[in-house]
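Trainee: What follows is each chain in one-letter form.
Protein chains: 2
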Amino acid sequence: MSVILKGADVVKEMNEAMMAELALRTADGLAVPKLAIVRVGERPDDLAYERGAVKRFANIGLRTELYAFAAEISQEDFLAAFRQINADPDVHGILVFRPLAPQIDDRLVIEAIDPAKDVDGISPVNMAKIFAGDDSGFAPCTAAAVVAILDHAGISLKGKRVAVVGRSLVVGKPLSMLLLARDATVTLCHSKTLDLPAVCREADILVACVGKAKMLGVEYVRPGAVVIDVGINVDEEGNLWGDVDFTAVEGIAGAVTPVPGGVGTVTTSILARQLMKAAAKGR
Amino acid sequence: MSVILKGADVVKEMNEAMMAELALRTADGLAVPKLAIVRVGERPDDLAYERGAVKRFANIGLRTELYAFAAEISQEDFLAAFRQINADPDVHGILVFRPLAPQIDDRLVIEAIDPAKDVDGISPVNMAKIFAGDDSGFAPCTAAAVVAILDHAGISLKGKRVAVVGRSLVVGKPLSMLLLARDATVTLCHSKTLDLPAVCREADILVACVGKAKMLGVEYVRPGAVVIDVGINVDEEGNLWGDVDFTAVEGIAGAVTPVPGGVGTVTTSILARQLMKAAAKGR
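Residue numbers (this note's numbering), protein chains in the order written: chain V, 1 to 283; chain Z, 1 to 283.
Some clues are possibly wrong.
A pair holds if it fits inside one copy or across any two, identical chains being indistinguishable in the list.
[Claimed, not checked] List of simulated lysine-lysine pairs, DSS-like, C-alpha gap at most 25 Å:
hint, residue 1, residue 2
1, Lys192, Lys6
2, Lys214, Lys6
3, Lys192, Lys12
4, Lys158, Lys281
5, Lys158, Lys212
6, Lys214, Lys34
7, Lys277, Lys55
8, Lys55, Lys212
9, Lys34, Lys158
Derived by calculation from the structure, the hints in this document are not laboratory data. Predicted, not measured: the structure shown is a model, and the values here were computed from it.
Isolated chain V, as found in the complex (with noise of 0.2 Å):
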């Protein structure tokens, strides 16, 4: 049988080290570090992600404060208000749920977040930090959730072949630069990938950040090889997939991450990290 790779006890491990941290800098007389949630309209969507985000910094001892517009806000408005936001000293971070609205143009956001508040790892700035292997800045939090999870795990990147199938801007490839930072060696795959079965088996770990419900089964895993499943998959009863097959996957798999529980679990406490990390810097 594979090792479960299970989110919640990197989770446990992870909000243990930022209690403990935390505890040290109240103790020094420093203020409680702040996130700021910034909603355009209801999505259901970003009212779950939201209600666990809220939730779990509280547990942490986090502070976070919502900061909800209207669905019809004009962009004018919206950005003179992100602009206090982004300005105020007590807000030591800012999640901002994307798309924001069709009147309002992500990229103008993008570019006006401080990188040093950016803890979900949107602006250029970072990017180019991720890209350039320098950890100073902010990376998006699911693709450093599936490193915390190896990291926890403690399965070594040294030298490993990686395939991380999915290309996205928030997932595959700054994964790919974090992977390689850690003299991973890495290979990118993606929907032009031809037999991606056989570059998959090629891999020591294969990550999975596609979308697409169970599309990865025992053709794409060489025995034993880890498997990270990034994938959300809601089918119409409002179950939950990944874009790997675990049933399948599970007894081939040297390790496997399930879903849910697994590097879903794990992102809310990278963004409280990567609070915390903005915290320390000072602001």
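Given chain V, put chain Z in place with the hints provided.
Mentor: Chain Z only, in chain V's frame:
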């Protein structure tokens, strides 16, 4: 025998296209694009590249202006001068020889350069665009030269396995992103890659950018593969060698670039093309 992919053929085609475009531009009464070449001190390598660029730009009909500073100029004085060049509306693009000098922090210049004039692709904004697959910015010239050679030879990248050996921020990483944007399946290899010859033999196209003379021999090349050699290594006698053992690989590879006369020959034409693009954007 392998097809020899000569840089001169690519340069000829690119330069003819640029001369035609330049004729249209001047007929419209627009200024001839000007490149500012910024140099501190007199390193022989910089001087050699500068002489080549000045001559080739003149042949195309483009302007260059040299801004040479004494090796011992203070950081403050240099930055003040640089800001003037950066703001000059008659300067359409800027090439900065780096490292500048021990007393000058290169990062300050990288951050100061106007991304719209950064025709050598050093600013974080242009990095982030390359990473994002957004072609509105400027790529590092050597990385773009590799793609230009493949394009000129009519070698399609879609679905091809490409191994890039070397992960520098100047060549390996941006090149991987340019190839990925063309739908290649890219494996980024480096000094920590295990069994590098076997990984390279998986590739339809092998790109060497490691900086070690004749490191890649026949055991790295699948018969018929395309081999692009970015290396320029100088031995004690002043001879130039690529990263590829050309003599050994010629006859095994389907096509191969020579050194000298391959990728390096194309970089100044890329610089010129990026200057034309910067000028066309109305600067």
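Trainee: Hint by hint, note whether the structure agrees.
Mentor: Going down the list of hints, with the structure as the test:
no., hint, result
1, Lys192 - Lys6, "neither (31 Å within a copy, 29 Å between copies)"
2, Lys214 - Lys6, "within (18 Å within a copy, 47 Å between copies)"
3, Lys192 - Lys12, "neither (39 Å within a copy, 32 Å between copies)"
4, Lys158 - Lys281, "neither (29 Å within a copy, 43 Å between copies)"
5, Lys158 - Lys212, "between (29 Å within a copy, 22 Å between copies)"
6, Lys214 - Lys34, "neither (38 Å within a copy, 55 Å between copies)"
7, Lys277 - Lys55, "within (20 Å within a copy, 50 Å between copies)"
8, Lys55 - Lys212, "neither (29 Å within a copy, 54 Å between copies)"
9, Lys34 - Lys158, "neither (35 Å within a copy, 46 Å between copies)"
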